[in-house]
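Residue numbers (full-length UniProt numbering), protein chains in the order written: chain A, 1 to 299; chain B, 1 to 236.
Hints should not be assumed to be uniformly reliable.
[What the hints assert, rightly or not] Calculated lysine-lysine pairs in the DSS-like style (CA-CA distance at most 27 Å, straight line): (1) B:LYS133 <-> B:LYS170; (2) B:LYS129 <-> B:LYS170; (3) A:LYS194 <-> B:LYS71; (4) B:LYS79 <-> A:LYS194.
Hints in this document: simulated from the structure, not taken from any laboratory.
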Amino acid sequence: MDQLLVFINAYLVPGIVSGSIYALGAIGLTLLFGVLRFTHFAHGDVMTAGAYFALTAIGLFGLHPVLALPIAMVCTSALCLCINHFFYRPLMRRPSLVLTISSFGIALMIRASIQLLYGVESHYYVRGIQRSTDFLGTFRIVDRHIWIVCCAIVLMVALHLLLTYTRLGKAMRAVSDSPELARLTGISTLAIVKATWVIGGSLAAVAGVFLGWDGFIQANMGWDLLLPMSAAAILGGLGRPYGAMVGGLVIGLAEELSSYPWFGGDALLSPGYKTGVAFTIMVAMLIWRPNGLFGGRVQ
Amino acid sequence: MSLLSLEGIVAGYGPDVPILHGVNLHLDAGEIVAIVGPNGAGKSTAMKAAFGLLNIHEGRIRMGDEDVTGKSPESIVRKGVSFVPQTENIFPSLTVQENLELGGYFSPRSHVRAGLERIYTLFPPLRDKRYQKSGCLSGGQRQMVAMGRALMPDPTLMLLDEPTAGLSPKYAEEIFSLVLGINANGTSVLMVEQNARQALMISNRGYVLVDGRNRHEGPGNDLVRDREVAEMFLGG
Ligand SMILES: Nc1ncnc2c1ncn2[C@@H]1O[C@H](COP(=O)(O)OP(=O)(O)OP(=O)(O)O)[C@@H](O)[C@H]1O
Ligand SMILES: [Mg+2]
Chain A
1 MDQLLVFINA YLVPGIVSGS IYALGAIGLT LLFGVLRFTH FAHGDVMTAG AYFALTAIGL
61 FGLHPVLALP IAMVCTSALC LCINHFFYRP LMRRPSLVLT ISSFGIALMI RASIQLLYGV
121 ESHYYVRGIQ RSTDFLGTFR IVDRHIWIVC CAIVLMVALH LLLTYTRLGK AMRAVSDSPE
181 LARLTGISTL AIVKATWVIG GSLAAVAGVF LGWDGFIQAN MGWDLLLPMS AAAILGGLGR
241 PYGAMVGGLV IGLAEELSSY PWFGGDALLS PGYKTGVAFT IMVAMLIWRP NGLFGGRVQ
Chain B
1 MSLLSLEGIV AGYGPDVPIL HGVNLHLDAG EIVAIVGPNG AGKSTAMKAA FGLLNIHEGR
61 IRMGDEDVTG KSPESIVRKG VSFVPQTENI FPSLTVQENL ELGGYFSPRS HVRAGLERIY
121 TLFPPLRDKR YQKSGCLSGG QRQMVAMGRA LMPDPTLMLL DEPTAGLSPK YAEEIFSLVL
181 GINANGTSVL MVEQNARQAL MISNRGYVLV DGRNRHEGPG NDLVRDREVA EMFLGG
């Protein structure tokens, strides 16, 4: 029983929590890839920006981190729309590699701006001991973990409804399937691109806030997450939002469970190698199943 | 006044190398017009030019009394013109019904519902497959989805690029009678066809395009009977 308790509290729950965070980031990456056909390397830093927007809101109004989410989402969406307008849109007709490389530049710009404004030291949303809730009298789960997982689920269900039932969602999937046919059908690519930035930026902001809430806020926090998020997106198949959700969860769990002492008393892998797990999965996927776990179309 | 006219179109996929070297063609309300010619003649290119997908270097494109040269495809489709391209003419990861709904992307909701009913009556096999991914359908059914999508807004003019390509003779026959039906319902049709003889026979007029230039034109039946056209382009 003790063993199970440790497994759940120290490995399974943290795995699900970081999996949710990866999934939220990876959805943005994968949607942007589907619509714009390029890998957005600044996505991690967009997350960081979201975390700092929330930090500012919490500092100003003393909000609960969950209440700071909408503010972070709006501000981050606005930031993404500006970046798109001034940097990516002028390059849209160039090969997608140009966009990819320029997104590296954007990543550096965001990070440098944050360091200038907020300094390089770590910040926290909440200080002191965190409340937790007991389940079935034994499992003790910190409240913020419950919030994080529940919010992530709500957002993913909302995204699912949007993609399946709304005109915008169908148009987004159409552009991701075939941009030229979408134009012939009367769908304005420009509007869809903007909507994708708003959705991807909002989800990244939430991921950033959760990441900061579960640890600390620091200028490199998002950049460090780019690897597991890309791994999640590739695992699910680039351009497939549902794949990214599953991919995020798989990567999060794989990272945490890899350091569980499965055989005997020692950790299977030292926790220091966590990022190596995501990297290994990503490389293996690129070699054997480049279209993702669920196969299928990626041109 | 012509529904659509291309006047001395010089156009290409980039700003320099032209593929069309001065194409002239027009289509009057109520007509079926066929464009035929050898592979690589620029037939598809001419259609894409009409739909605003290319760089027009010289010449004018008019729809009715309006000059639409340089207009985007998004705005041309809103003028009641639909286009079914030769390749990539469905959204494979979307269901049949979603494909059709997108055909009515800019129409009011009630039109979309009525349109779906109209399309399912026209293509009964699609009704049973409406919740299936269109990418999983057979070639003939994909073509139905593509044409259904284009018919959703009830267009005044429809551009069809090789609607019978890759289909069995029986299916091709069905497509041709469908085109006649669409036309009888008041939609003018401009089509490119590899099955040139059949296409010309159901068309009011036809154009033979070679190397990005007009080579012959005339009433469909005359072109079929013309000895030179028959020998060069209709396989004797
Ligand atoms: N996307 C493109 N970019 C550049 N050149 C192209 C493109 N598509 C076609 N071409 C070129 O334009 C010329 C005309 O092609 P087009 O597709 O219009 O011929 P077509 O008459 O439709 O032939 P087919 O009967 O094979 O469909 C060809 O030389 C082709 O190589
Ligand atoms: Mg062609």
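Which of the numbered hints above does this structure break? Hints that this structure does not satisfy do not exist here, as all of them hold.
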